[in-house]
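So the chains spell out like this:
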Amino acid sequence: MHHHLILRVVAKLLLPFILLYALYVQWHGDYGPGGGFQAGVIFAVGFILYALVYGVDALVRVVPRGVLVGAMAVGLLLYAGTGVVSLFLGLDYLDYSRLAHDPVHGQEWGILLVELGVGIAVAAAMTAIFVAFATREPDIDDEDW
Amino acid sequence: MIPQAIISQLPILQVIVPLIAAPFCALLGGRNRAWALAFAVSLVTFAISAMLFASTLDGTVLSYQLGGWAPPIGIEYRVDALNAFVLLIVSGVGALTMLYARESVAYEIDERHHGLFYSAFVFCMTGLLGVTITGDAFNVFVFLEISSLSTYALVASGAKRDRRALTAAYNYLIMGTIGATFFVIGLGLLYMITGTLNMADLAHKLVEHGDSRTLRMGFAFIVVGFGLKLAMFPLHLWLPNAYTHAPSAVSAFVSATSTKVAVYLMLRFLFTVFGFSIPFEVDVLRTIVLPLALIGILAGSIVAVFQEDLKRLLAYSSISQIGYMLVGITLLTPGGLMASIIHLFNHAVAKAALFMVAGAYVMQAGTSTISDLRGVGRDMPFTTAAFVVGGLSLVGVPMTVGFISKWYLVQAALEQGWWPVAGLIVLSSLVAFAYVWRFVEAAYMYPTPDGVIRREAPLTMLIPMWIFAGSSIFFGLNASLTSAAASRAASGLIAASSLIWQ
Chain C
21 MHHHLILRVV AKLLLPFILL YALYVQWHGD YGPGGGFQAG VIFAVGFILY ALVYGVDALV
81 RVVPRGVLVG AMAVGLLLYA GTGVVSLFLG LDYLDYSRLA HDPVHGQEWG ILLVELGVGI
141 AVAAAMTAIF VAFATREPDI DDEDW
Chain Z
17 MIPQAIISQL PILQVIVPLI AAPFCALLGG RNRAWALAFA VSLVTFAISA MLFASTLDGT
77 VLSYQLGGWA PPIGIEYRVD ALNAFVLLIV SGVGALTMLY ARESVAYEID ERHHGLFYSA
137 FVFCMTGLLG VTITGDAFNV FVFLEISSLS TYALVASGAK RDRRALTAAY NYLIMGTIGA
197 TFFVIGLGLL YMITGTLNMA DLAHKLVEHG DSRTLRMGFA FIVVGFGLKL AMFPLHLWLP
257 NAYTHAPSAV SAFVSATSTK VAVYLMLRFL FTVFGFSIPF EVDVLRTIVL PLALIGILAG
317 SIVAVFQEDL KRLLAYSSIS QIGYMLVGIT LLTPGGLMAS IIHLFNHAVA KAALFMVAGA
377 YVMQAGTSTI SDLRGVGRDM PFTTAAFVVG GLSLVGVPMT VGFISKWYLV QAALEQGWWP
437 VAGLIVLSSL VAFAYVWRFV EAAYMYPTPD GVIRREAPLT MLIPMWIFAG SSIFFGLNAS
497 LTSAAASRAA SGLIAASSLI WQ
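Protein chains in written order, with our numbering: chain C, 21 to 165; chain Z, 17 to 518.
The reader is advised that the hints may include incorrect statements.
What the hints assert, rightly or not - Across the chosen pairs, the derived CB separations fall in these ranges: (1) C:A152 - Z:M461: 31 to 37 Å; (2) C:Y44 - Z:L73: 50 to 56 Å; (3) C:A154 - Z:I190: 21 to 27 Å; (4) Z:L73 - C:G86: 43 to 49 Å; (5) C:Y44 - Z:S24: 37 to 43 Å; (6) C:A154 - Z:I469: 41 to 47 Å; (7) Z:R49 - C:L39: 51 to 57 Å; (8) C:A152 - Z:E431: 54 to 60 Å.
Said to hold, decoys possible - Facing chain Z, from chain C, some residues (calculated, C-beta under 10 Å): (9) D77; (10) L114; (11) Y116.
Claimed, not checked - Take a look, some chain C residues computed to stay more than 10 Å from chain Z by CB distance: (12) V29; (13) L33; (14) L40; (15) Y51; (16) F57; (17) A100; (18) G101; (19) Y113; (20) S117; (21) R156.
In case anyone wonders, no lab produced these hints; they're calculated from the structure. Note that the Cβ used here is the ideal one computed from N, Cα and C, for glycine as well.
Bound conformation, chain Z alone (with noise of 0.2 Å):
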């Protein structure tokens, strides 16, 4: 079928493909010729990624060396379940943004910015599969550069919508420059201890070495760090303007797959790098971690039901939905660990139907605000199903895949006898019904302003917000894939640490 010379470049093509693209649509420009090529190389991506997580998912672990120089000195990739599966969620989800961003990109950007526009965007795609691809720290900063620095201009691609774009963008370079400087800081402090960056390397010298002082700094400011990235509660004070002010299509991408990238970081170093090797990692996250997320959780599902705007309302729950990874991870058992990871996807699939619809509201209704939108159910039916759908999710409706994941959670807290969190994971569901039931009542129960005419979105935008939507109930019936994927991926890295675990 496909000859083996080019399976074993699989890891380097899942990067380099779209790498190569980026310029290509930068040289392209507008008329569709630069989204005709990004949307093939997204395809592209999907497929080499299926395939990595085809080849992956019986718990092989594949490497790849860069340049021909072996790992320890050398750069290496290194596809194992966890990272695989959320290379299929980074490159799914930008296969079918893709889709969805001809039309809205077409409407909210102009065309002589078109080519640029997609050419950050494919970077963006580009350092997100390249930081969870490889298997070197310091490779892991370069592309999360790379990913970050095309997010800004992005994000400020929305000003032709709305000025603010342009201060959020920038709120968003400096917190995010700190964020990305913390980590390399911390990595400067392990690469002090070891002498090396490549990740397997680290975690073995760092359980040689100990306990000390550098490694106690190195592992706090990595995770301050991440936390910058991913949005950890009082650190999340960038992403509700970025998400609110930017382009529609870049919200639907980054929201299901930027945040979740630094997660999966989060993962890999706690478990993988560090692994618990000293007590000092276990008392962080469960004194400092576990309450900021809970708090999160809470915080954020609150500060929704009171937001005006539609993309601010889903930024501030994907804030609290964070809080639910982050519990996961802190609860250090298997059954925490595949609640985060299973989350990830789930909580991937369900914001970006929602910030898809928000962007059909924008196109079609030229605003995102709550109350404008009165009566948009009738308008836009099939857009505000979606909604529904999605907004299920996000509470944890059986049937959908928010249920799932809640529901792992949940089950995993109470095996730890943690009966308040599972109480808090509990109540703040109930908050995230009041924030989507706000919507829901505007859209359905009020009449449609006079005068004003909303024709339902066209048939791109909506084919791939409903294969979100329909995945998320699929996925919420029939959770075998992601459930086997998930606890693959979470007993790999419990393996991989100096985790106990009966």
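Next up, chain C with everything else stripped away, as it sits in the complex (with noise of 0.2 Å):
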């Protein structure tokens, strides 16, 4: 049998509510506190906790180091992204008035969109940086130290 018995089970009960705390506090950042870099970090929490109980490969066997990049360019992406079409339709890098009907908006859903990808961007950061030492094979064995 598995070591550790409650936290495994404890761990996979809070796991959807970490993910749905991140994703509360991604779309209510224009609202109240929060916003696109404090939700990308819980997000990733949710992740590296799941690496933490059932260990970091199992963790890679669900976002390979390759997603990883691929989100992180993404969100960046995205972000950059949403800037340009405002170039597009005729108006300065980041202003978002014309992205909707009406300027107030507009800006909302710029802000919205480029939040996202921070809120990609980060989570997919932060896994990356918890993988990226866990995984990491050590060159001096123990004994020899």
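Please assemble the complex out of the two chains, which come individually in their own frames, going by the hints.
Encoded structure:
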């Protein structure tokens, strides 16, 4: 049987709530405290908790390294791309006023998209940093220290 | 020709074209796909900065507001004669090193890392261009971090050739972060006084504010922060290892651009933001920065003479060359400033050529140790000839760019009656001749060791190398373009400051 049975069960119970809370912080960012960076960190915490309890190999099976690099790039592109769209709409970079039917909604949608990009990039980067450290093979054997 | 709508967006395109390309490089991965994108983007960036340079040469100042927020509140990009010149240097060196990088990086870095490597390379370019173009003091910090963080990664990627690249990168990380932190602390103090982060607005409010201890602290923190970034003499310790162990293309790019951009920032903050409205600022430059710069000029050259490794020799020579730029700044005259600004360009051109030569040796001879490169002048004639040209420029021999900048600098020092400074500059040129000669002697005067086979570098490395070597002769013979740009930039800086110059 597995060790740490309670830990495993509790972690499994907590995971969906952590991810849900991250999404809440993500989408609630324009009404209250929160936003992409915090949401991304909380989202990554879910993955890191999973790796801590079930092992980093299990995490790498869920999100392979390529996916992490891809998500980081996509997050950044979503941010920068939203700004570029406003260039094509005839406005200055990062001016979202024409993204919707009126400037106020345009700004809101622009910020939501940008924050989504931030969230994706931060979540992927946090997880990638954890994976990079956790899967590093030691160059020196433990006996050689 | 080009629609007006695009022309007005040039300042932002200068930064976001590479910014958007960088993640694509990471997605594309190896087999030259990432390289092809990075190279294409660097050419586009160069074209943009050439257009910006052409449109600011007559003294026009372009201003661009991000997100439709007007300057003191929103972020402003501001292009004038000075930073258009620096943008041209950064993107020009970027484009040519990218061409050079293909073979060199294929040799020095595992193919599975190529995507990430070029991504970091393009990010580094983005950061340096952003630092240069922005008119917002906090935005400077953001881009400075983008360029620094990617440079740490780039230096560390030299670990395949030499594991010491990792400790070099770590040292650079610590020192660079301290530098950036000092800058932010200084900026925080200025924000405390003025409540604004826009450079032009800061300048205006600091003049109104007058002298205070907070302002002095802010000034000191910012000068030390930039001193670390530009490797001012006692703060240079990160530089030799970082340049030596980084992959060759990175050494060439970073040595030619990142310290230059830091010098630009120093100029921008000293003259445009602080503007010498209080005597304290002049005192700091004359009693602290000037002696350190002079020690750096001499110490850098002397230490370079005793180096065994060619890349390390060039790194120490960079420390001494940065000293020249600082001396030019501390003169606080149009002539001195012009000498500094023209030396930004001249040293970038010469150093890029020299580090490219060193990289060609690393690739074809497997080493950059001087004693192992004996007789290399016969095996790799074109590469070694480029070294001679670049080396002569470091010494400051007439008909090279090095002569032009030293001529202006000595002239400016003499105008002020600083005879010892002028003498020291000439003396350090002689020392520079000693370290250049050490390698030239090894390369040409000794026979090739038995059993060593070295072939000439491939054409994609020779072409960029010789474009730099060639321009260090071309702009040495005909300095009208560079000196026009430099004197325009210098008079702009003087006009923005409270210095009174007859």
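query: Taking the least C-beta to C-beta distance, is C:D77 closer than 10 Å to chain Z?
result: Violated. Min distance 20 Å.
field: Least C-beta distance from C:L33 to chain Z larger than 10 Å
entry: 36 Å, holds
- prompt: At the C-beta level, are C:A154 and Z:I469 separated by a distance inside 41 to 47 Å?
  reply: 45 Å, holds
Outside-interface status for C:F57 - nearest CB in chain Z farther than 10 Å: Non-interface label on C:F57 holds, nearest chain Z Cβ at 14 Å vs cutoff 10 Å.
task: Indicate whether the distance between the beta carbons of C:A154 and Z:I190 respects the range 21 to 27 Å.
output: Roughly 24 Å apart at Cβ, these two residues keep to the hinted range, so it holds.
No chain Z beta carbon within 10 Å of C:S117's: Violated: least Cβ distance 7 Å, not greater than 10 Å.
- request: Quick one: work out the minimum CB distance from C:G101 to chain Z and report holds if it exceeds 10 Å, violated otherwise.
  value: Label violated. Min Cβ-Cβ 7 Å, cutoff 10 Å.
Non-interface label on C:Y51, tested against every C-beta of chain Z at 10 Å: 21 Å, holds
Beta-carbon spacing of C:A152 to Z:E431 - inside the hinted bounds 54 to 60 Å or not: Given about 56 Å between the Cβ atoms, the range holds.
- prompt: That 37 to 43 Å hint for C:Y44 and Z:S24 (C-beta), does it hold up?
  reply: 41 Å, holds
field: Non-interface label on C:L40, tested against every C-beta of chain Z at 10 Å
entry: Label holds. Min Cβ-Cβ 28 Å, cutoff 10 Å.
field: C:L39 and Z:R49 - C-beta distance against the hinted 51 to 57 Å
entry: 34 Å, violated
Hint compliance for this structure: hints 1, 7, 9, 17, 18, 19 and 20 are broken, all remaining hints hold.
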